[in-house]
Amino acid sequence: MNHHAVKAIYHFEMARTFRTLMQSLASPILSTSLYFIVFGGAIGSRMMDIDGVSYAAYIVPGLILITVLTESTSNASLGIYMPKFTGTIYEVLSAPITPFEIILGYVGAAATKSVLLGLLILVSARLFVDFSVLYPLWMLLFLVVISVTFSLFGFILGLWADSFERLGIIPTMVITPLVFLGGSFYSISMLPPLWQTITMFNPVVYLVNGFRWSFYGVADVHVGFSLAMITLFLVTCFSIAWWMLRTGYKIKS
Amino acid sequence: MSSYILEISNLSKAYPSGHKALKDVSLQVERGKILALLGPNGAGKTTLISIVCGLVKPGPGSIQVDGLDVIRDYREVRKKIGLVPQELSVSMFETVWDTVTLSRGMFGKPADPVYLESLLRDLSLWDKRKSKIMTLSGGMKRRVLIAKALSHQPEILFLDEPTAGVDVELRRDMWGLIRRLRDNGVTIILTTHYIEEAEEMADRIGVINKGELILVEEKETLMTRLGSKNLTLELAEPMQQVPEALAPYNLTLSKGGAQLVYTYDSHAGHEISGLLKALQEQGIDYRDLHTRQSSLEDIFVDLVAEGI
Ligand SMILES: Nc1ncnc2c1ncn2[C@@H]1O[C@H](COP(=O)(O)OP(=O)(O)OP(=O)(O)O)[C@@H](O)[C@H]1O
Ligand SMILES: [Mg+2]
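Line by line, the protein sequences give chains A and B. Here my numbering = 1-based position in the first sequence + 1. Here my numbering = 1-based position in the second sequence + 1302.
Derived by calculation from the structure, the hints in this document are not laboratory data. Honestly, I wouldn't trust all of these hints.
[Claimed, not checked] Derived DSS-like pairs: lysine-lysine, alpha-carbon spacing no greater than 25 Å straight-line:
(1) A:Lys253 to B:Lys1430
(2) B:Lys1359 to A:Lys253
(3) A:Lys253 to B:Lys1432
(4) A:Lys85 to B:Lys1443
(5) B:Lys1325 to A:Lys253
(6) B:Lys1382 to A:Lys85
(7) B:Lys1359 to A:Lys251
(8) B:Lys1325 to A:Lys85
(9) B:Lys1531 to B:Lys1512
(10) B:Lys1322 to A:Lys253
(11) A:Lys8 to B:Lys1512
(12) B:Lys1322 to A:Lys251
(13) B:Lys1381 to B:Lys1411
(14) B:Lys1382 to A:Lys253
(15) B:Lys1325 to A:Lys8
(16) A:Lys85 to B:Lys1411
(17) A:Lys85 to B:Lys1381
(18) A:Lys85 to B:Lys1359
(19) A:Lys8 to B:Lys1322
(20) B:Lys1512 to B:Lys1359
(21) B:Lys1359 to B:Lys1325
[What the hints assert, rightly or not] DEER-style ranges, computed between Cβ atoms:
(22) A:Gln24 to B:Glu1471: 38 to 46 Å
(23) A:Gly249 to B:Val1603: 31 to 39 Å
(24) A:Thr173 to B:Gly1320: 55 to 63 Å
(25) A:Lys253 to B:Gly1334: 28 to 36 Å
(26) B:Arg1374 to A:Ser190: 14 to 22 Å
(27) B:Arg1374 to A:Thr173: 55 to 63 Å
(28) B:Ala1413 to A:Thr173: 37 to 45 Å
(29) B:Pro1415 to A:Lys253: 30 to 38 Å
[Unchecked claim] Some residues of chain A that are not near chain B, with every Cβ distance over 12 Å (derived):
(30) Leu35
(31) Gly42
(32) Phe129
All values reported here derive from a predicted model rather than from experimental measurement. Beta carbons: idealized from backbone N, C-alpha and C, even for Gly.
Make a model of the complete structure from these sequences and hints.
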């Protein structure tokens, strides 16, 4: 294991994050606060409790995930797209590192940022809404695994994208709809039966439900099944990213 | 320890576009030498370097570095290699220090601020270590690339047009640096369009044209074998034609008969005294004489012209 390389890439990427700390943290926190004010405060007060949890508290896990998913995707994709775009990727390609080490450095840094961001939103949410976390360790585990999975997804996106347009389109056209339709703001049992079935094909459902279970102990899907599905996405994303680096897909001619 | 630090055997490369960038290239490079690769635009120089360094997928053929296969033993091989790419690919928002530190780590070496300081001082970048790269001039950026390539103390250094966009004074400095590296045992493979540079620096010279390695030879051998010399005599009295008695020397007249030119290869210097004696016997007077050796440039132009 070339741990110097993993460390070097990780530090370099974290430095990039901290250099742009204000925008990395300020904008997600601002938008989440807006959600809390609108959905939690204004609308939430007129909504019934779901599964015995107040609506404002019910949406907290989903809101955290919205930011974690979009930030993981965009941060990890930019992290590898920029070197491709500026040509500095030559150094990664010529270095004595395995695909696994490259992934560890880049994805590790992106996931770290997402976990920190998720925790920060969790803390700021507490300022708006009264809630407690039933299983903190499970919560942390879900947060980490989800951050890693979507950072891997972003990494794949960054390797694949040929232009900034393509880089930007996936988070807005794919992630956002999946998150909104994935039960972040409602219980899927509130949907008509046909939509309930369709929703089951949305991977975000499993993330949101697993994560929400760690908060309140309630979920539309069994937590074991959630965890299995998340692990499946993780392994799939990792395999694709590894294969792309291994074969030099889109980066080596 | 293999006698050659780099051994390329029958390497070919076709890009996905179908373009054949390298055709059956074989090349051996001795440890501690400077090899200059010359060739016109699009000859395949960058492709060759990129394949050795892992940036481009190799075609058929084999490449060994220090006896190790570049594919199978890529981790060992790449630790030994430093690359300065042709393009000025630098991450604009980082500082010089950060980017050099990243490079050293990436190549598996523990941090060594003392070495990095001496490296940056050598490249006159020490004062700029805290500057963001985007604030540097083009020549400085190129030196940053060199610093990155040397950050892990490689045994072989590939320089793809290291002095493009570098001013004359700095180019001299860089040549000095390259020589010092060579003296410390680093093998250097550089490509250049400046033949003057190859002539000045290289121990060996390779010429690539249209994906084929036309020749690789010691610079001295190349210059004596293919180089020729001219002796030009400025005549006191212009002449219409070369006298019969001087026919064995194959002289030519130029400048409307004002100059007499004798062309000879480098081995045949002793015939000059014979010529001069013959001129005296013929009563041909001359005001001045000078000799000129064909440069590598002339040789190169001839070679590539033949290849077309
Ligand atoms: N990625 C690529 N895909 C397709 N063709 C390529 C690619 N890279 C280079 N080529 C082609 O391969 C040939 C050799 O290119 P290469 O960059 O190796 O030349 P070079 O000798 O370095 O030229 P220069 O002196 O201009 O740098 C050129 O015809 C070029 O167009
Ligand atoms: Mg080139």
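Status of the hints after comparison with the structure:
1. With a C-alpha separation of about 33 Å, the suggested pairing of Lys253 (chain A) with Lys1430 (chain B) is violated against the 25 Å cut-off.
2. Under the criterion of a C-alpha separation no larger than 25 Å, the hint pairing Lys1359 (chain B) with Lys253 (chain A) is consistent with the structure, at around 6 Å.
3. For the hint pairing Lys253 (chain A) with Lys1432 (chain B), the CA-to-CA distance comes to about 32 Å; that exceeds 25 Å, so the pair is violated.
4. Between the alpha carbons of Lys85 (chain A) and Lys1443 (chain B) the distance comes to roughly 18 Å, so the proposed pair stays at or under 25 Å and holds.
5. Proposed proximity of Lys1325 (chain B) and Lys253 (chain A) is supported: the alpha carbons are some 19 Å apart, at most 25 Å.
6. Restraint check for Lys1382 (chain B) and Lys85 (chain A): satisfied, since their Cα atoms lie roughly 24 Å apart, inside the 25 Å limit.
7. For the hint pairing Lys1359 (chain B) with Lys251 (chain A), the CA-to-CA distance comes to about 12 Å; that is within 25 Å, so the pair holds.
8. Restraint check for Lys1325 (chain B) and Lys85 (chain A): the C-alpha separation of about 28 Å exceeds 25 Å, so the hint is violated.
9. At roughly 29 Å between alpha-carbon atoms, Lys1531 (chain B) and Lys1512 (chain B) are farther apart than 25 Å, so this suggested pair is violated.
10. Only pairs whose Cα atoms come within 25 Å are accepted, and Lys1322 (chain B) paired with Lys253 (chain A) is accepted, the gap being roughly 16 Å.
11. The suggested pairing of Lys8 (chain A) with Lys1512 (chain B) is violated, with an alpha-carbon distance near 42 Å, which exceeds 25 Å.
12. For the hint pairing Lys1322 (chain B) with Lys251 (chain A), the CA-to-CA distance comes to about 20 Å; that is within 25 Å, so the pair holds.
13. Between Lys1381 (chain B) and Lys1411 (chain B) the CA atoms are separated by roughly 9 Å; this keeps the pair inside 25 Å, and the hint holds.
14. Between the alpha carbons of Lys1382 (chain B) and Lys253 (chain A) the distance comes to roughly 21 Å, so the proposed pair stays at or under 25 Å and holds.
15. Taken as a hint, the Lys1325 (chain B) and Lys8 (chain A) pair is broken in the structure, with Cα atoms around 40 Å apart against an allowance of 25 Å.
16. Proposed proximity of Lys85 (chain A) and Lys1411 (chain B) is supported: the alpha carbons are some 24 Å apart, at most 25 Å.
17. Our distance criterion of 25 Å between C-alpha atoms is met by Lys85 (chain A) and Lys1381 (chain B), whose separation comes to about 22 Å.
18. Taken as a hint, the Lys85 (chain A) and Lys1359 (chain B) pair is honoured in the structure, with Cα atoms around 17 Å apart against an allowance of 25 Å.
19. A hinted pair counts as satisfied when its Cα atoms are at most 25 Å apart, and Lys8 (chain A) with Lys1322 (chain B) does not qualify at roughly 39 Å.
20. The straight-line distance between the Cα atoms of Lys1512 (chain B) and Lys1359 (chain B) is roughly 19 Å, inside the 25 Å bound, and the hint therefore holds.
21. Restraint check: the Cα-Cα separation between Lys1359 (chain B) and Lys1325 (chain B) comes to about 15 Å, which is no more than 25 Å; the hinted pair holds.
22. A hinted range of 38 to 46 Å holds for the C-beta pair Gln24 (chain A) and Glu1471 (chain B), which are about 42 Å apart.
23. A beta carbon spacing of about 37 Å between Gly249 (chain A) and Val1603 (chain B) agrees with the range 31 to 39 Å that was offered as a hint.
24. Between Thr173 (chain A) and Gly1320 (chain B) the CB atoms are about 37 Å apart, so this pair departs from the stated range of 55 to 63 Å.
25. The supplied range of 28 to 36 Å is met by Lys253 (chain A) and Gly1334 (chain B), whose beta-carbon atoms lie about 30 Å from each other.
26. At about 56 Å, the beta-carbon gap between Arg1374 (chain B) and Ser190 (chain A) misses the expected band of 14 to 22 Å.
27. Range check, Arg1374 (chain B) to Thr173 (chain A): Cβ separation about 44 Å, and the 55 to 63 Å hint is violated.
28. As the Cβ distance of Ala1413 (chain B) to Thr173 (chain A) is approximately 40 Å, the hint placing it in 37 to 45 Å holds.
29. For Pro1415 (chain B) paired with Lys253 (chain A), a C-beta distance near 33 Å keeps the hint of 30 to 38 Å intact.
30. For Leu35 (chain A), the requirement that its beta carbon stay farther than 12 Å from each beta carbon of chain B is met, with the minimum near 30 Å.
31. Non-interface status of Gly42 (chain A) relative to chain B is upheld: no Cβ of that chain comes within 12 Å, the nearest being about 39 Å off.
32. Residue-level check passed: Phe129 (chain A) sits 35 Å from the nearest beta carbon of chain B, beyond 12 Å.
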